[in-house]
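K.L.:
One-letter residues, chain by chain:
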Amino acid sequence: MLAERYELNKNLAQMLKGGVIMDVTTPEQAQIAEEAGACAVMALERIPADIRAAGGVSRMSDPQLIKEIQAAVSIPVMAKCRIGHFVEARILEAIEIDFIDESEVLSPADDRYHIDKTQFVVPFVCGAKDLGEALRRINEGASMIRTKGEPGTGDIVQAVRHLRMLQAEIRRLASMSRDELYEAAKQLQVPYQLVAFVHENKKLPVVNFAAGGVATPADAALMMQLGAEGVFVGSGIFKAENPQKRAAAIVTAVANYQDAKLLAELSEGLGAAMVGINEQEIELLMAERGN
Amino acid sequence: MKIGILSLQGAFLEHEIKCAKLGVDCFEIRNKGDLKTGFDGLIIPGGESTVIGKLLRELDLFDIMRGMIGDGLPVFGTCAGMILLAKNILNDDRLYLATMDITVKRNAYGRQRDSFYTVGDFAGYGKIPMTFIRAPYIESAAAETEILAVVDNKIVAARQKNQLVTAFHPELHEDTCVHEYFFNMF
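Protein chains in written order, with this note's numbering: chain A, 222 to 512; chain B, 2 to 187.
Hints are computed from structural coordinates only; laboratory data are not their basis.
It should be emphasised that the depicted structure is a prediction, and the values quoted were computed from it without experimental measurement.
Any given hint could turn out to be false.
Below, simulated SDA-like cross-link-like pairs (lysine to any residue); rule was C-alpha separation at most 25 Å, straight line [stated by the list, open to error]:
| no. | chain 1 | residue 1 | chain 2 | residue 2 |
| --- | --- | --- | --- | --- |
| 1 | A | LYS231 | B | GLU59 |
| 2 | A | LYS231 | A | ARG385 |
| 3 | A | LYS423 | B | PHE28 |
| 4 | A | LYS288 | A | ASP332 |
| 5 | A | LYS466 | B | GLU59 |
| 6 | B | LYS33 | A | ALA439 |
| 7 | B | LYS33 | B | GLY111 |
| 8 | A | LYS423 | B | LEU60 |
| 9 | A | LYS424 | B | LYS33 |
| 10 | A | LYS466 | B | LEU60 |
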């Protein structure tokens with residue numbers, strides 16, 4: 222991949238900052254999301270909560286559905302391919318998707334190798350539970366990272382855990398002396414240059430959103446206050462009683478994540494949130510997929 | 002001189018860094034109260050125009066900001082910021098601040114795979130780096146609008162009195178020409 226192309230792809234992620242990316246399964250939902258202020262939509266056949274409920278193998282969505290969603294909105298459209306499934310990624314690239322999510326929400330196609338994302342023209346976002354995972358994905362060419370959380374649960378605990386872990390490890394690297402970075406690179410299983418970047422800049426070299434379990438405006442604001450640059454909301458919107466109102470409230474909450482008075486107003490009368498399941502109650506931890 | 006940077010969504014931090022580099026004071030505008038603090042110029046960053054436009058209305062910033070620009074507040078809009086300032090948008094029914102006599106086309110070059118980098122002449126400053134991300138361009142501009150940059154026969158930067166717009170993202174590069182041009186408008 223040309224360095225110039227990679228810059229352009231990281232630049233698109235920069236334009237998404239401070240925004241909310243919403244999972245949608247129909248063109249109608251995509252329009253609701255756009256009207257509510259989503260900065261991008263993730264087009265998929267089933268939202269994570271339903272994937273979890275249905276079980277079985279979960280794959281890339283039907284390109285026809287993705288194209289209908291592309292036609293329905295003017296904002297960027299993302300879609301998911303399975304971890305390591307570079308042919309699904311090529312298909313998404315061929316239909317001019319704006320961003321590919323190599324996602325643990327789908328069943329992994331490869332239990333060892335992720336996609337070599339440097340070989341693609343379009344950008345990739347990948348999940349990460351910690352700094353090593355994030356930097357390995359970036360080394361493979363990811364233009365954006367999202368902390369994994371636990372998709373389809375409506376439970377924020379894992380999203381918090383992963384983002385805190387990432388931030389703590391960044392702070393640890395930042396505080397090291399230069400000669401300690403070589404050993405850190407070895408432990409993190411990533412190239413020295415990426416470790417040195419984090420050491421110098423106290424941040425990842427790409428934009429980082431939070432994902433997996435965001436169900437309320439307060440959840441979204443929590444992730445922003447913990448240092449996320451934006452949020453993905455999957456099942457939290459269209460599994461809720463009033464998706465339109467909840468979606469809009471989450472967007473405004475992310476834009477004003479430090480304004481507690483406004484957050485209180487935004488949290489009023491939203492109707493029931495998605496029921497959700499606690500992490501102890503689930504059998505499949507999607508966040509464990511890919512490393 | 003103090004610059005307010007609209008910080009509802011998008012690449013506002015990049016503009017803050019640019020202001021800091023040029024030694025210009027700036028602060029983030031997120032609510033109505035921020036608009037009353039007194040400032041000399043406004044930057045509307047890149048991001049998604051649908052998101053920023055919606056939040057402007059929802060947070061009651063819209064009328065006040067529109068009034069301030071009408072009263073001559075210097076404003077600089079990049080990409081989404083340009084769309085928000087345009088009086089006409091070719092391929093969108095939505096209109097936002099609509100203070101500048103330009104007709105723009107959204108996502109004019111296509112989707113992300115059509116995003117591109119080039120160098121082009123800007124307002125007599127010579128060649129500067131220009132990054133276009135799912136960018137718009139200016140289809141036409143009123144006679145009193147000054148055309149500041151043209152790439153592939155499309156207008157990509159323009160000025161009308163107190164309003165400056167670029168379809169590209171000068172905040173993404175080390176180069177500071179466009180921001181200097183803006184600060185010289187005061």
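K.L.:
It remains to establish, for every hint, whether it holds in the given structure.
P.N.:
Each hint, compared with the structure:
no.: 1; hint: A/LYS231 x B/GLU59; in the structure: violated, 29 Å
no.: 2; hint: A/LYS231 x A/ARG385; in the structure: holds, 23 Å
no.: 3; hint: A/LYS423 x B/PHE28; in the structure: holds, 22 Å
no.: 4; hint: A/LYS288 x A/ASP332; in the structure: violated, 29 Å
no.: 5; hint: A/LYS466 x B/GLU59; in the structure: holds, 13 Å
no.: 6; hint: B/LYS33 x A/ALA439; in the structure: holds, 21 Å
no.: 7; hint: B/LYS33 x B/GLY111; in the structure: violated, 35 Å
no.: 8; hint: A/LYS423 x B/LEU60; in the structure: violated, 32 Å
no.: 9; hint: A/LYS424 x B/LYS33; in the structure: violated, 31 Å
no.: 10; hint: A/LYS466 x B/LEU60; in the structure: holds, 15 Å
Of the numbered hints stated above, those contradicted by the structure are hints 1, 4, 7, 8, 9, listed in ascending order.
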